[in-house]
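Peer 1: Let's have the full structure, built from the sequences with the hints guiding it.
So you can see what is in the structure, the chains are spelled out below.
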Amino acid sequence: MAAFGFLDWLWIVLYLFIMIGAGILFYRLGKRSESDFFLAARGLPWWLPAASVYATHTATDTPMWVSGVIYRHGLAGLWYSFFAGWCAISAFVSTRIFRRSVAYTQAEWNTIRFSGLGAELLRGWMSGWQVFMSMFILGWVGVAMGKVCHYVFDWPVWFGLVFFSSLCAVYVMAAGYWGVIMADFLQGVIAFAVILLVSIWGVVAAGGPGAIVEKLTAMGEASRLNPFTFTGWFTGDFPIAWFATMIFIAVLGGFGMGTSIDWYVEAQRIQSARTVRDASYSIWWGTALVLMRNSIWAVAILGFYVLYPNISATADYEMAWFRIGFDFLPVGMLGFFFAGIVAIHISTISAVLNLGAMYFTRDLYLHYWKRDATEQQLVWVGRIATLVLLLGSFFYGLIMEEITSWLIFALWIMAAGIWLPNILQVIWWRFNAWGYLSSWIANLGLSWLVVWVLPSFGVIPELPDYQQFWALMMLGALIYLPITFLTKPDDMDHLVRYYVMSRPIGFWGPVRREAERRGLLMTARDAMAEREAL
Amino acid sequence: MSWIRREWTPASADEWTREDWITIVVSPIAYMLLMIGVALSMLLLPVGYLVLAAGVLATGFMHWVIDPKLKVISSEYEKRQREYLEEVERKTRWEENDG
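As given, the protein sequences belong to chains A and B, one line each in that order.
Position 480 (the first sequence) corresponds to 480 in our numbering; numbering is contiguous.
Position 32 (the second sequence) corresponds to 32 in our numbering; numbering is contiguous.
No wet-lab data here; the hints were simulated from the structure.
Predicted model only: the values in this text are computed from it and were never measured.
Take the hints with a grain of salt, since some may be wrong.
Unchecked claim - Simulated crosslink set (BS3-like; lysine-lysine; CA at most 25 Å straight-line): (1) A/K488 / B/K91; (2) A/K370 / B/K91; (3) B/K79 / B/K91; (4) A/K31 / B/K91.
Stated by the list, open to error - Below, a sample of chain A positions facing chain B; criterion: calculated Cβ distance under 7 Å: (5) L75; (6) F92; (7) P227; (8) V276; (9) R277; (10) V299; (11) H367; (12) R503; (13) A527.
We put the CB at the ideal spot given by N, CA and C, even for glycine.
Peer 2: As structure tokens, this is what we get:
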């Protein structure tokens, strides 16, 4: 348990006062319309959503996870965090396409890209799934905060979960996305300052950068300084095959939408940016900051490893970064550190609360329940949905210990078998709603078979996770590709309208030619003539 | 560099061109260099400074290539955005069903 002085408590109270104050300050903007409550009226310069991308993806469990992989693998563990690299391509491809669709949510985008009953089924499924996932993520992140509070103050886990998430809900309900984005900016600045300060403190505590290098070398652990230390092509716990798969998934995933679970949060930031250019830069720079932050953490964890090299319990070394702060910072700075942790926590909670409420309000309530709802009604439904999500997250958070492995499996099945369909829906005109829907359903069954059932009966060996990915990707294709070709393409009028609006990349030849035939787009010959004239 | 186009018309900027593909290739490389460069530079390793400098250069080059195009896409698209927003709103409220 950490000993807090007056100055420490002052930092925390001051911080909470500023955060809740932000909600009250932007209350008038948030209540103007649905667009204000969920997208800040699509008027933000790139650096505000960028700060939000960074702040949202700095959650309470993130330093635990980064500490774990760096303590185990050294700097090579940084590649585990490179999954965020999907934004490298997405910022200039799927972000541009999605921003031009002006869809509020990915569920709404389904009905802009696809047509007919299949599109409606997709919208219903996607929105229900996202409301559930929001509640789950809130519980997951909330219980991590409960554990940190238990570690620092010896509070019961439930208290840390309920107290800070509830405080955060105050400004989310008051000001909606305006409150989220403004608080995220402040939280992003505070969180980055705290991460930098504590990490440098940890490096100094280990004797400084030079001493860390020297000690690692003396310990025979110099390989921890090399980000490309692999255990073989296919063997060991860090094979090149895993690395290649990860780079493939992360980088090429940027051509699609939903190839990473983070896409759904980013999609809201993309639509809140005032232009396509602002959307691209917000995603690129927010993620660049995330990756560089991981590097700063990594060096601090190397320092921790030098100080405590023989920790074998995962739960212990995953607390490395928190231990650096609470064990080495002086009284008076501990409160600043804890305020930073609260900033890290609240920024994620607020973003996910508002996101889940948007799916409920826009895609379920407005689209399927009350199509003539007024703007004021939608704002109020958004607030009530925020409250329901908050209460649901307490339930999930408190039973999380028992269901974690099931929910990690749920995340995994969401990512693996539908990775390619998430790209195909963006780049291939012929991929239709039935193909995409069948890929989700097929993935639910196949992932059970490949991950659990077949290995249990000895039909196939237990595969490493990267091999499971390839297996699920290929098996799924055997189902959704025939279904795509056996069902009709989407309505051409619908596709032409989508194409002209969003201008997607990839294989859209027939739709493009139809748009040109209708005089909606310039032909290649006309474009050449225009260029020569220029 | 004449092979990098710096002047765009709205119609030509809407097409996927060489500039987009250069950005698509350089962007992940910039991320990797920045991530590794920051870590090694914090350890005061000379190779870290080189990697970080390469990351900064790659980032600058990428922006130089794509920014003129993004500016034109954005300004042209803003003129049509209101119309698209109205269409999406009609679809959500079932005032138009094209399926």
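Peer 1: Hints numbered earlier in the text: which of these fail when held up against the supplied structure?
Peer 2: As far as the earlier hints go, not one is violated by this structure.
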